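Asks: Protein chains in written order, with this note's numbering: chain E, 12 to 284; chain R, 6 to 356.
Hints were generated in silico from the structure; no laboratory data involved. Just so we're clear, the structure is a prediction, and the values are computed from it rather than from any experiment. There could be a bad hint or two in this list.
[Claimed, not checked] Examples of chain R residues toward chain E, derived with CB under 10 Å: (1) Tyr19; (2) Gly63; (3) Ile65; (4) Arg66; (5) His84; (6) Pro88; (7) Val90; (8) Val94; (9) Pro97; (10) Met99; (11) Thr110; (12) Leu111; (13) Leu158; (14) Lys159; (15) Val183.
[Unchecked claim] Label-pair restraints from in silico Cβ distances: (16) R:Arg24 - E:Arg114: 52 to 60 Å; (17) E:Ile13 - R:Ser96: 44 to 52 Å; (18) E:Val192 - R:Gly192: 18 to 26 Å; (19) R:Glu119 - E:Arg114: 30 to 38 Å.
Beta carbons are placed, not taken as given, at the ideal position from N, Cα and C, and that holds for glycine.
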Amino acid sequence: MIHLLRAETHRLWSRRVTRYFPLGMAAVFVIGIGIAWAVIANEGSNVDFVNDMAEGTGASGILGPVSSVIPVMAFVIGASFIGADAKTGMLEQILTWEPRRLRLLAGRIVISIVTAALLAMALAVFFIALLYGLAAITGSVDGTTGELWANVVGVVLRTGLAAGLFCAFGLGITLLLNNSVGAIVGFLIYWFVIENGLVAVFLPRVAAWLPVTNAASFGTGAPVQRLSGSVFSEQGPDVVNDHNYLVAGLVLLLWTAAAVAASAAFFRRRDIA
Amino acid sequence: MTAIVEMQGLRKVYRRRGRDDVVAVEGLDLDLGRPGTVHGFLGPNGSGKTTTIRCALGLIRPSAGGVRVFGVDSHTRFHEVAPRVGAIVESPKMFPNFSGRRNLTLLAELGGIEPRAVDRALETVGLAGRGEDNFGTYSLGMRQRLAIAGALLKDPDLLILDEPANGLDPAGIAEMRVLIRRIAEEGKAVVVSSHQLTEVEQICDDVTIVSNGRLIRTGSLAEIRTFAGQDRVVVTIDDRDGAIAALAEAGLPAHPRPAHGELSVDVAPERSADVTRALADRGRYLSGLRFEQASLERAFLNLTGGSLPPPPGEALAPPPGGATPLAGSGPVDLPASVGAPPPPAPTRRES
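Use the sequences and the hints to build the structure in full.
Replies: Below, the structure written as structure tokens:
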């Protein structure tokens, strides 16, 4: 198994998307913080790390959106890992070396989860460091207690775990579809249009149990929220809490397990031709 | 000697949504590969060769029957023998953005093989100087060679090569021939699937012919060649009908060929002087004469000429000294345009 894990690690890290996607995201973070800095300097305002960015001790303020985007990166990495084999036909070659398909899949999932988690945590730490630096330069970092940092560490770890699970989720979905581009495009459409759009508006109770919503909640530590009431009413719907981040983590785990189990069952029986 | 790959009742049906199923392999009972030999696995395009190989490698699930490789069922236990089997299926498959060496290194890591084996494999296939170039920049011939290097990394006891000469130039084909023979001489069993018959004929010890997913014939190269009929002399002459009559007078049976002005005489090449003398004595002068060997290619065409194999249990025995086309097969007297001639050699007759 150790040979398999080593080989799969090298194969995953040899993928350009594994190396450059996180670098691209880091570059976007730098540009975003740079723009924020310019705006702040222009307005002459001050930034308070604790109150403006981390939202008190919850550490879920500005980190929230980042915790949502990082799992998407992980999905793409997972999908690309499988897609490369399908595109090049390399899977056939690999299976003449390691014919035990479930073992091969298990190795890939382990490596994907670990890799995506490490990348996600590195990105989250980098982003927090940028925020902290911005606050330190333009305003205040007062009030950064041990409790806050413990929360930040929690956010980082959970974001990593969510990313790892999402990478495995993407890998499983791509294996089922046997098409990485289809899986990635389909996922983005699903994320923006279906989960965050149609289902969130028209079936909010269902939306609260869907994967991306729960991944974001688990990462930030904030409860899963959903709409309550009709969007067509005069006062519009309210936003209410549905379940906490631990339940969200469990939901994400179940989604991932379902995708991986389905893909494993399919992969085990599939003709490689 | 026991064959390494044993198939019993192998059947593979591809189900296609909304369309008729495709029977790729139909009840194949076959043994392939003996240590130290090259086994040619031949068949027309779409005859089920690659499907059979994929079944043997556990890549696809047989619909019925099974394949045993080194005595183990390839569908359920191929992992037990995978380190002893090197294979290329259909075409070389590597990551295009990785160098040749990187591709091989990844495979070597997967098999727990020491990195030095990569250098040796690159050396063996003559790619030592191009190992750092990306696979995507390789010519088809270089890709084939790299794929063979990948298969050789395991130092396998059984090497399965599916169309190894595809895309190779004449020099590359010659190199491939030498390489395959050398591998066999090291005691390994090599199974070569191909439709390049003149190549196969030069390197194989045993031959199996399949068509429409069914076994047509298997045996030693010499046995299969008996289905090609006898060697012949092919004459080019203006007055073909007159020449046939003249040869008949001399007791030399001749038949017109589809090519303009050509006729074939059913005599061994050693009797070509009798042919020229018989014609000259009757005032007929030929403009060309060549020999046509009882080649594997002719045997192949005779055996696969649009025919079905004989029913199980009804073995088709070659009659002494003659070809036996199966029911519905094409004529034994093949068009001159069929097949490519083998490379010229002083001792080799043109076919």
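Asks: Decide, hint by hint, whether the structure agrees.
Replies: How the hints compare with the structure:
At its closest, the beta carbon of tyrosine 19 of chain R sits 8 Å from a beta carbon of chain E; the interface hint therefore holds under the 10 Å criterion. A least Cβ separation of about 5 Å between glycine 63 of chain R and chain E falls short of the 10 Å threshold, and the interface hint therefore holds. The restraint placing isoleucine 65 of chain R at the interface with chain E holds, with a minimum CB-CB distance near 4 Å, inside the 10 Å limit. A distance limit of 10 Å between C-beta atoms decides the matter here; for arginine 66 of chain R the minimum to chain E is near 6 Å, and the interface restraint holds.
Nearest Cβ of chain E to the Cβ of histidine 84 of chain R: about 5 Å, under the 10 Å cut. The hint holds. The beta carbon of proline 88 of chain R is positioned within 10 Å of a beta carbon in chain E (closest approach about 8 Å), and the interface hint is therefore held. The restraint placing valine 90 of chain R at the interface with chain E holds, with a minimum CB-CB distance near 7 Å, inside the 10 Å limit. For valine 94 of chain R, the interface hint holds, since its Cβ comes within 10 Å of a Cβ in chain E; the closest pair sits about 6 Å apart.
Interface hint at proline 97 of chain R: satisfied, since its Cβ lies 9 Å from the closest Cβ of chain E, which is below the 10 Å cut-off. Given the 10 Å rule on beta carbons, the hint for methionine 99 of chain R holds: about 7 Å separates it from the nearest Cβ of chain E. With a least beta-carbon distance of about 8 Å to chain E, the hint placing threonine 110 of chain R at the interface is held under the 10 Å criterion. Checking leucine 111 of chain R against chain E by beta carbon gives a least distance of about 6 Å; that is within 10 Å, so the hint holds.
Interface hint status for leucine 158 of chain R: upheld, as the beta-carbon distance to the closest one in chain E is roughly 9 Å, under 10 Å. Against a cut-off of 10 Å between C-beta atoms, the interface hint on lysine 159 of chain R holds, since the closest Cβ of chain E lies about 8 Å away. Among the interface hints, the one on valine 183 of chain R is violated; its C-beta lies about 24 Å from the nearest C-beta in chain E, farther than the 10 Å criterion. In this structure, arginine 24 of chain R and arginine 114 of chain E break the distance hint of 52 to 60 Å, their C-beta atoms being roughly 35 Å apart.
For isoleucine 13 of chain E and serine 96 of chain R, the hinted distance range of 44 to 52 Å is not satisfied, since their beta carbons lie about 31 Å from each other. Distance hint for valine 192 of chain E and glycine 192 of chain R: a CB-CB separation of about 46 Å, inconsistent with the stated range 18 to 26 Å. The hint said 30 to 38 Å for the Cβ distance between glutamate 119 of chain R and arginine 114 of chain E, and at roughly 22 Å that hint is violated.
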